[in-house]
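Asker: As a plain string of letters, each chain reads:
Protein chains: 2
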Amino acid sequence: MAIVDFDMSGAQSFISENEMSQLRNETEDACVKLASKTGAGNDFLGWYDLPLRPDGDYCRLKAAAEKIRKDSEVLVVVGIGGSYLGARAVIEALTDPFANARALAGEGGTAVIFAGNSISPVYLSSVLDIVKDRDFSVNVISKSGTTTEPAVTFRFFKELLEKKYGRKGAAERIYATTDSSRGALKKMADAEGYETFVIPDDVGGRFSVLTPVGLLPVAVAGIDTDALLAGAREAFGEYNEAAFDVNACCRYAAARTALYRQGKSVELLVNYEPGLHFLTEWWKQLYGESEGKEGKGLFPAGCDFTTDLHSMGQYIQDGARIMFETAVEVRVPERDLVIGSDADNYDGLNYLAGRSMDYVNKQAAKGTAMAHIDGGVPNLKVSVERLDARSVGGLIYFFERACAVSGYMLGVNPFNQPGVEAYKKNMFKLLGKPM
Amino acid sequence: MAIVDFDMSGAQSFISENEMSQLRNETEDACVKLASKTGAGNDFLGWYDLPLRPDGDYCRLKAAAEKIRKDSEVLVVVGIGGSYLGARAVIEALTDPFANARALAGEGGTAVIFAGNSISPVYLSSVLDIVKDRDFSVNVISKSGTTTEPAVTFRFFKELLEKKYGRKGAAERIYATTDSSRGALKKMADAEGYETFVIPDDVGGRFSVLTPVGLLPVAVAGIDTDALLAGAREAFGEYNEAAFDVNACCRYAAARTALYRQGKSVELLVNYEPGLHFLTEWWKQLYGESEGKEGKGLFPAGCDFTTDLHSMGQYIQDGARIMFETAVEVRVPERDLVIGSDADNYDGLNYLAGRSMDYVNKQAAKGTAMAHIDGGVPNLKVSVERLDARSVGGLIYFFERACAVSGYMLGVNPFNQPGVEAYKKNMFKLLGKPM
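Going line by line, the protein sequences match chains W and Z.
For any residue, its number in this note's numbering is found by taking its place in the first sequence, counting from 1, and adding 96.
For any residue, its number in this note's numbering is found by taking its place in the second sequence, counting from 1, and adding 96.
Same shape as in the complex, but just chain W (with noise of 0.2 Å):
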């Protein structure tokens, strides 16, 4: 069984074979462009082959890892857009919910709270105020160390840090995840006795989730990375070696072109897992960054189902017709509960007494999908069989590459974010920042 399985049959009412098949060159050339490295952004393609690189820092990584849940309640990770989301979408994953608020609350573990992501004081006064009286350490990612959000939020859990634990206490307590040589954050980390960590040069912030900057805070959590990794190596080959009419990264990417080019405007991730929410956010970034550029680009949004269908549910069944939908289906669950009968059943739900919920929530998913359809609205689906550090890693790499494919396709540069300092460039200029 596939890592990661594709089915669109959800869209066959809207996708000819026709279609997908004038789509096959394209998208195999597309493919060419990107395992040649000859397609545009060619210097950033170091995700590519990221999961079969050997790491020589890895193990020192996990001892890191081992030290700050021995001597730390709670891990600050300080940073913003890929320095933030792959980390939180693999944790939110694969933990509890209430895994901080345990943690937190002296029952074990490292609680993994995440800053520097706005420029909040009203965020940042309530994350400073529950570690002043804990034990805790901080992971700054940055590659330059001067995006404006990490670094001022970094300075408030420096001195706080320092106040605690004086200079030289603070220092064993920063691990700085920056480039291997240039750079404030390095420069800063060197003269101080940060332990750091690498961001490879040629892996965009967007890519980087699989790198240290994804696997410190993620091995804090407690989560296999061995495993994650195996699973993205998993995908990697899988990709590697299918055809096109068998590959689901090349078909995802095929048929969310084709349904582009029929005049859809958004596409919509959608899940039942509500720890599927970041990995949704994370692919927010991963395909709005690669593709929204030129005035072209499908608008990635999302949606936690079945609880949004009580919200956004009425827009996308009866709604302007501007949408496709992919679902992330988790086979099966890590935990299931059985519903029980009730005497007096004022509820009426006895007719599900015996049925496990993971059950109930399939035949959601399977009824909304047929009702979208009937709507107008195309479904793809992408599954996994568990929701696991392997599986992820598969999903994580399955998505990468889709989306690499997928901007080739639509002509752009996916590796690029020319867009990103518009607002920073009237913001230094409001603020006086000297040139």
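To be clear, the hints were calculated from the coordinates, so they are not data collected in a lab.
Take these hints with a grain of salt, some might be off.
Which copy is meant is left open, because identical chains are indistinguishable; a pair holds if it fits in one copy or across any two.
BS3-like mimics (lysine-lysine), calculated; alpha carbons at most 27 Å apart, straight line [as the list claims (entries may be wrong)]:
| hint | residue 1 | residue 2 |
| --- | --- | --- |
| 1 | 264 | 521 |
| 2 | 228 | 158 |
| 3 | 260 | 163 |
| 4 | 360 | 392 |
| 5 | 129 | 521 |
| 6 | 462 | 133 |
| 7 | 477 | 462 |
| 8 | 392 | 521 |
| 9 | 462 | 521 |
| 10 | 477 | 392 |
| 11 | 462 | 529 |
| 12 | 520 | 477 |
| 13 | 360 | 520 |
| 14 | 260 | 392 |
| 15 | 529 | 458 |
| 16 | 520 | 264 |
| 17 | 462 | 525 |
| 18 | 129 | 264 |
| 19 | 477 | 525 |
What you are looking at is a predicted structure, and each value in this text was computed from that prediction instead of being measured.
Following the hints, complete the assembly by docking chain Z onto the known chain W.
Answerer: Same frame as chain W, now just chain Z:
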């Protein structure tokens, strides 16, 4: 000063004065239709003057909240859609992001945890685990009592409460917010002796946050519900009195209608305070469910800035030109921090030393609006003075009222949601539900 200000200067290059004045009559007609209760869906206008209507049970509701705060470490709120999003939006806007974690750690307060808003057994198992060794109460919120997600979920909590406290003890910890006389939950509550609160017949789910649906959980979270209601009342007065040219509510409705008619497909509600994330989710239901019908309506999406400038920012700046932005601004933050000077200045941030973080956040907001306008994204702005209960009450009423006006201008019934039934019908068939 108005409780909610509306500024459309960021759209002036997209909407002419002429366009706005052409919409004046149409907007005023929609307002009259609403006030005179002569439009479609006029049996669901209870929300309209709700802030003015005395609720005989309000003191009892506050007493129930006080009791829960005394005898429970956790309140589990079981509800979905409108029986979930409003309370969560208000609570997250007005409480510390770690309030639940602190309550669970025994540092005071009652954690408010939402369940029954999905069919995930993984999530539900975790909530059951977190409450089983703690004192807890349940607020089950459902008009009918038969909506699958909350009904299935409530069975588990009822069983756990009865095991823990006995049937009578459990009954004293269950609060049912439901229909005044009909429905499965009302019947069960009467039979078991649960304290009940009423969802008014003429208030639909997405407009129910200022009824007991929202007020009980909000009060348990320690929020000043008097101020919340007073803010809504204040907004009601403003929108009744102010003429079109200075009526924030009418102008927002007219501006978004103008942009929709120009061909925009997506409205992006953005904020610069992480605490507003769920207000956006609430807004997405309000607008998506009210307007997304008959193949029409703006697709409602949300971003938390500056966080998402590092993920969705590229698309917004340079991708397909299908959206406009509505920013929610908080003029004065509840807490602020001053950026310190650093002797080494590795990060080059000393030019900000002595500045408050909020000042930087505000320049980011200004710079972003300028950049997005330059990029072809019209910018609307909704502002409140502070993020306090009064302002949030005002914002809620502002968005509700503008939504109704806007829906009438779109030519739909803003108060029904026929499309929500489609997936349920399929699901019930698949589950073999008796007819």
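Asker: Determine for every hint whether it applies to the structure shown.
Answerer: Comparing the hints with the structure gives:
no. : hint        : result
1   : 264 <-> 521 : neither (36 Å within a copy, 64 Å between copies)
2   : 228 <-> 158 : within (26 Å within a copy, 34 Å between copies)
3   : 260 <-> 163 : within (18 Å within a copy, 39 Å between copies)
4   : 360 <-> 392 : both (12 Å within a copy, 15 Å between copies)
5   : 129 <-> 521 : neither (33 Å within a copy, 46 Å between copies)
6   : 462 <-> 133 : neither (40 Å within a copy, 40 Å between copies)
7   : 477 <-> 462 : within (11 Å within a copy, 40 Å between copies)
8   : 392 <-> 521 : within (23 Å within a copy, 37 Å between copies)
9   : 462 <-> 521 : between (47 Å within a copy, 11 Å between copies)
10  : 477 <-> 392 : both (24 Å within a copy, 26 Å between copies)
11  : 462 <-> 529 : between (54 Å within a copy, 15 Å between copies)
12  : 520 <-> 477 : between (37 Å within a copy, 20 Å between copies)
13  : 360 <-> 520 : between (31 Å within a copy, 26 Å between copies)
14  : 260 <-> 392 : neither (50 Å within a copy, 57 Å between copies)
15  : 529 <-> 458 : between (54 Å within a copy, 15 Å between copies)
16  : 520 <-> 264 : neither (34 Å within a copy, 60 Å between copies)
17  : 462 <-> 525 : between (52 Å within a copy, 11 Å between copies)
18  : 129 <-> 264 : neither (49 Å within a copy, 70 Å between copies)
19  : 477 <-> 525 : between (45 Å within a copy, 22 Å between copies)
Checked against the numbered hints listed earlier, the structure breaks hints 1, 5, 6, 14, 16, 18; every other hint is satisfied.
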